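Q: The lines below spell out each chain.
2 protein chains.
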Amino acid sequence: MRQSKLFGKTLREDPKDEISANARLLERAGFIYKTMAGVYDYLPLGLKVLDKINEIIREEMNAIGGQELFLSAFQPKERWQKTGRWETGNEVMYQFKDNSGHSLGLAWTHEEAITEIATRFISSHKDLPLFLYQIQTKFRDEPRAKSGLIRGREFLMKDLYSFHTDEKDLERFYDKARDAYLNIFRRCDLSVYVTEASGGTFTKSYSHEFQVLSDAGEDWLFYCKKCGYAQNKEIAKIGVGHLCPKCKGKIEQGRSIEVGNIFKLGVKFSEPFGLLYADEKGKKYPVVMGSYGIGPGRLMGTIVETHRDERGMMWPDAVAPYRVHIIELLGKEKVKKVKEVAEKLHQELLAKGIEPLYDDREEKSAGEKFADADLLGIPWRVVVSEKTLEKSSAEVKRRDKQQAQLVKLSQLKNFLAK
Amino acid sequence: MRQSKLFGKTLREDPKDEISANARLLERAGFIYKTMAGVYDYLPLGLKVLDKINEIIREEMNAIGGQELFLSAFQPKERWQKTGRWETGNEVMYQFKDNSGHSLGLAWTHEEAITEIATRFISSHKDLPLFLYQIQTKFRDEPRAKSGLIRGREFLMKDLYSFHTDEKDLERFYDKARDAYLNIFRRCDLSVYVTEASGGTFTKSYSHEFQVLSDAGEDWLFYCKKCGYAQNKEIAKIGVGHLCPKCKGKIEQGRSIEVGNIFKLGVKFSEPFGLLYADEKGKKYPVVMGSYGIGPGRLMGTIVETHRDERGMMWPDAVAPYRVHIIELLGKEKVKKVKEVAEKLHQELLAKGIEPLYDDREEKSAGEKFADADLLGIPWRVVVSEKTLEKSSAEVKRRDKQQAQLVKLSQLKNFLAK
Chain A
1 MRQSKLFGKT
11 LREDPKDEIS
21 ANARLLERAG
31 FIYKTMAGVY
41 DYLPLGLKVL
51 DKINEIIREE
61 MNAIGGQELF
71 LSAFQPKERW
81 QKTGRWETGN
91 EVMYQFKDNS
101 GHSLGLAWTH
111 EEAITEIATR
121 FISSHKDLPL
131 FLYQIQTKFR
141 DEPRAKSGLI
151 RGREFLMKDL
161 YSFHTDEKDL
171 ERFYDKARDA
181 YLNIFRRCDL
191 SVYVTEASGG
201 TFTKSYSHEF
211 QVLSDAGEDW
221 LFYCKKCGYA
231 QNKEIAKIGV
241 GHLCPKCKGK
251 IEQGRSIEVG
261 NIFKLGVKFS
271 EPFGLLYADE
281 KGKKYPVVMG
291 SYGIGPGRLM
301 GTIVETHRDE
311 RGMMWPDAVA
321 PYRVHIIELL
331 GKEKVKKVKE
341 VAEKLHQELL
351 AKGIEPLYDD
361 REEKSAGEKF
371 ADADLLGIPW
381 RVVVSEKTLE
391 KSSAEVKRRD
401 KQQAQLVKLS
411 QLKNFLAK
Chain Y
1 MRQSKLFGKT
11 LREDPKDEIS
21 ANARLLERAG
31 FIYKTMAGVY
41 DYLPLGLKVL
51 DKINEIIREE
61 MNAIGGQELF
71 LSAFQPKERW
81 QKTGRWETGN
91 EVMYQFKDNS
101 GHSLGLAWTH
111 EEAITEIATR
121 FISSHKDLPL
131 FLYQIQTKFR
141 DEPRAKSGLI
151 RGREFLMKDL
161 YSFHTDEKDL
171 ERFYDKARDA
181 YLNIFRRCDL
191 SVYVTEASGG
201 TFTKSYSHEF
211 QVLSDAGEDW
221 LFYCKKCGYA
231 QNKEIAKIGV
241 GHLCPKCKGK
251 IEQGRSIEVG
261 NIFKLGVKFS
271 EPFGLLYADE
281 KGKKYPVVMG
291 SYGIGPGRLM
301 GTIVETHRDE
311 RGMMWPDAVA
321 PYRVHIIELL
331 GKEKVKKVKE
341 VAEKLHQELL
351 AKGIEPLYDD
361 REEKSAGEKF
371 ADADLLGIPW
381 RVVVSEKTLE
391 KSSAEVKRRD
401 KQQAQLVKLS
411 QLKNFLAK
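Protein sequence lines correspond, in order, to chains A and Y. Heads up: the first sequence begins at 1 in the numbering used here, then just goes up one per residue. Heads up: the second sequence begins at 1 in the numbering used here, then just goes up one per residue.
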């Protein structure tokens, strides 16, 4: 992609109305646009990151047998009255009437929807277990939406729902889902602590949260660096000064971002909707359920919070909008040869599927180009200039390293392909 | 995919509350679930079709230089007051207040949003032309949502917006976009008539509609079969009995579905938002815009309306949820060899990327399996039974043909790969 054509120029200054680092950097770099508090538009660079995160999530959900579907945002009042959440959830749920006076709500979660739908298709133990997920937009009326992509009023969510004959089968899948979640976070280069937590509005049964330490977090965590053991402060039985119950290490305290959660729902939703299955003898039981959430946008915001320095973002390879940032420096003499080499490299990397962003902007100085490259945070920076060409080379540098190195043009493709 | 595991069983009877053929068939076949009038959930089979349509659209939009982004559904009142459409559009726009009393709307189109965003990034003629698109959920308060996926209150939309220095440049791109649209419809196996139409609420300049003849349509068309010339009845200057102004052929009349539209917006949106560019001399002009819409869900509904018979749907290869439907008939003796061959074929096609659906359901009769296969409408049906194995063959049939043929097992993979 030619940077001269890319929609989304960098801004010279931080946006004035953003406090969180992720929103400041993403907006300044042209990844997102703020439409209102907690509501962001994804510009081309931002959407590329989001798509990559979504694809990682899809792969991991499919690997544990998840089937993808896509549910509506609009929800009928009657459906949510079955669980009482039309009333108890009205602080978080946008509710309104259409022009014909009918009450509607916008889904902030989909337990009611998926349970109702499942009643059409599940009737026998042979239909179980079943794992359904979607990546879809949710809406929540958040009074405190000041954390950029980390807490939105409109945001993407991956929600998976599992259906089982009994608790034991739920347990088995729950552990698999937890491992799949750990894969997702690992692939996004995030270090997570898994904490046991209360079930919130969902369930009285227990749940787990996946937490990433960060100043931008809204939770407090007691954790042990040595073994990874952690508890959410809200329900913690340990504290600073205690010894880790697992490894006797030191317990520390820090703010953290909840990047995912998994819940054992039990029969909380299947009972009000009459979601039953018949066992081998024809006897009917309520289906046992679990739910598993990750916010791809929140994940993106968390990656920015944890992968940055004073000059900008530093994307992990797996979710970077582009893998290589080619920067041509034509110099004052507008050296033709530099453009030719950069153009050729751009074409060759495209052909190899390496996804280059090519800074072909002639009006920008070397300083401006480097500053933009650091802000955008593409993992590999490749500079082509008259100076590097004297040595038949380009200068290659990782965004997260200080050291640059000259790589012969003839070896560049293979160097970057690794 | 094993059909025994697939979420979304077929229903024995048509849903009672659906009049349109597309909703009846899609719901009965387990592709969609109706949450309320004009609001559908996409189950795994339906989402597969939708994803394929989206991918075709993406390819064609990228090919004409489109850059994808993803805008929010939530819209601030102030933004829409700039064009007066907060008030004039309030019959179609869902508008409500959040818990803190702030007015919000749900986007039914995104001209206001994209124009506002563009003002941040467009300032010079060097920033033009520019082509931005998204595939995103829209909401419209439709009193008459009775046409299944063809008219929704919540629906996916591909909307592209183009930005130009002048009308002439807009004209050039407009023609390219029209051709890209024709590619999309051709790839979805839809015969479209292109009609000139009024600009509706968008513009007083002219626009074009892409129309597919169908009883399920809501528009009336005067058209000439011989050369493809057509006019929308609303603004038609020809009628039945007239001769086609292009080829002197016979003009006929029929109902049609509008599957896409393209508009020349001119400066209607750039002026109120102050979206200006400076020319070479620094003089400022309003940016000239165009907008280009296709509803992927409506496209899916239209394909069903035009590709079906009394037994079910008939998907074109490019958008079929699966390309091959393997049906094993174990017979009363539950012949082991049949399952082995079907299993092996399933694995081999998967490895070849041919996307098989494998009807491995043991409790279903041959009749039930054939009826389901016809309802689902997967292009190739491959039957493996004791009888076909006697000839070391499987029985292969296209959904849209009467004739079946025996193909040797050894040749089957290559036969289907074509």
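What the hints contain is simulated information worked out from the structure, not anything from laboratory work. Note that the structure is predicted; figures quoted are calculated from it, not measured. Backbone N, C-alpha and C fix where the C-beta goes; we use that ideal spot for every residue, glycine too. Incorrect hints may appear among the rest.
[What the hints assert, rightly or not] Listed next, the in silico BS3-like pairs over lysine-lysine satisfying Cα-Cα at most 25 Å (straight line): (1) 336/A / 237/Y; (2) 401/Y / 413/Y; (3) 364/A / 281/Y; (4) 337/Y / 126/A; (5) 344/Y / 126/A; (6) 5/Y / 77/A; (7) 5/Y / 281/A; (8) 138/A / 168/A; (9) 332/Y / 126/A; (10) 97/Y / 138/A; (11) 283/Y / 284/A; (12) 339/Y / 413/Y; (13) 138/A / 337/Y; (14) 5/Y / 334/A; (15) 97/A / 77/Y; (16) 5/A / 332/Y; (17) 168/A / 146/A; (18) 97/Y / 34/A; (19) 352/A / 339/A; (20) 9/A / 369/Y; (21) 9/A / 283/Y; (22) 344/Y / 138/A; (23) 5/A / 5/Y; (24) 146/A / 77/Y; (25) 401/A / 387/A.
[What the hints assert, rightly or not] Here are a few chain A residues that face chain Y, going by a calculated C-beta distance under 7 Å: (26) 67; (27) 98; (28) 309.
Q: Evaluate each hint against the coordinates.
A: Tested hints:
Restraint check: the Cα-Cα separation between residue 336/A and residue 237/Y comes to about 58 Å, which exceeds 25 Å; the hinted pair is violated. For a cut-off of 25 Å, the pair hint linking residue 401/Y to residue 413/Y stands: about 20 Å separates their Cα positions. Distance restraint check for residue 364/A and residue 281/Y: the Cα-Cα separation of roughly 20 Å lies within the 25 Å cut-off, and the hinted pair is therefore satisfied. About 24 Å separates the Cα atoms of residue 337/Y and residue 126/A, which keeps this hinted pair within 25 Å; it holds.
About 23 Å separates the Cα atoms of residue 344/Y and residue 126/A, which keeps this hinted pair within 25 Å; it holds. With a CA separation close to 31 Å, the supplied pair residue 5/Y and residue 77/A exceeds the 25 Å bound. Between residue 5/Y and residue 281/A the CA atoms are separated by roughly 21 Å; this keeps the pair inside 25 Å, and the hint holds. With a C-alpha separation of about 31 Å, the suggested pairing of residue 138/A with residue 168/A is violated against the 25 Å cut-off.
With a C-alpha separation of about 21 Å, the suggested pairing of residue 332/Y with residue 126/A holds against the 25 Å cut-off. Note on residue 97/Y and residue 138/A: the hinted pairing holds, with a Cα-Cα distance of about 17 Å set against a maximum of 25 Å. Distance restraint check for residue 283/Y and residue 284/A: the Cα-Cα separation of roughly 76 Å exceeds the 25 Å cut-off, and the hinted pair is therefore not satisfied. For the hint linking residue 339/Y to residue 413/Y, the alpha-carbon distance of about 17 Å falls within 25 Å, and the restraint holds.
As the CA atoms of residue 138/A and residue 337/Y are separated by approximately 49 Å, the hinted pair breaks the 25 Å bound. For the hint linking residue 5/Y to residue 334/A, the alpha-carbon distance of about 62 Å lies beyond 25 Å, and the restraint is violated. Between residue 97/A and residue 77/Y, the direct Cα distance comes to roughly 17 Å. Compliance with the 25 Å bound is thereby established for this hinted pair. Simply put, residue 5/A and residue 332/Y have alpha-carbon atoms about 65 Å apart, too far for the 25 Å limit, and the pair is violated.
Of the supplied pair hints, the one linking residue 168/A and residue 146/A is violated, its CA atoms being roughly 41 Å apart against a limit of 25 Å. As the CA atoms of residue 97/Y and residue 34/A are separated by approximately 19 Å, the hinted pair is consistent with the 25 Å bound. At most 25 Å may separate the alpha-carbon atoms for a hinted pair to count; residue 352/A and residue 339/A meet this at roughly 20 Å. Restraint check for residue 9/A and residue 369/Y: the C-alpha separation of about 56 Å exceeds 25 Å, so the hint is violated.
For the hint linking residue 9/A to residue 283/Y, the alpha-carbon distance of about 22 Å falls within 25 Å, and the restraint holds. This hinted pair does not check out: residue 344/Y and residue 138/A have alpha carbons roughly 42 Å apart, beyond 25 Å. At roughly 46 Å between alpha-carbon atoms, residue 5/A and residue 5/Y are farther apart than 25 Å, so this suggested pair is violated. The suggested pairing of residue 146/A with residue 77/Y holds, with an alpha-carbon distance near 20 Å, which does not exceed 25 Å.
For the hint linking residue 401/A to residue 387/A, the alpha-carbon distance of about 22 Å falls within 25 Å, and the restraint holds. Interface restraint check: residue 67/A against chain Y, minimum CB-CB distance 5 Å, threshold 7 Å, status holds. At its closest, the beta carbon of residue 98/A sits 5 Å from a beta carbon of chain Y; the interface hint therefore holds under the 7 Å criterion. Residue-level restraint check for residue 309/A is violated (minimum Cβ-Cβ distance to chain Y is 25 Å; threshold 7 Å).
Checked against the numbered hints given earlier, the structure breaks hints 1, 6, 8, 11, 13, 14, 16, 17, 20, 22, 23 and 28 and satisfies all the rest.
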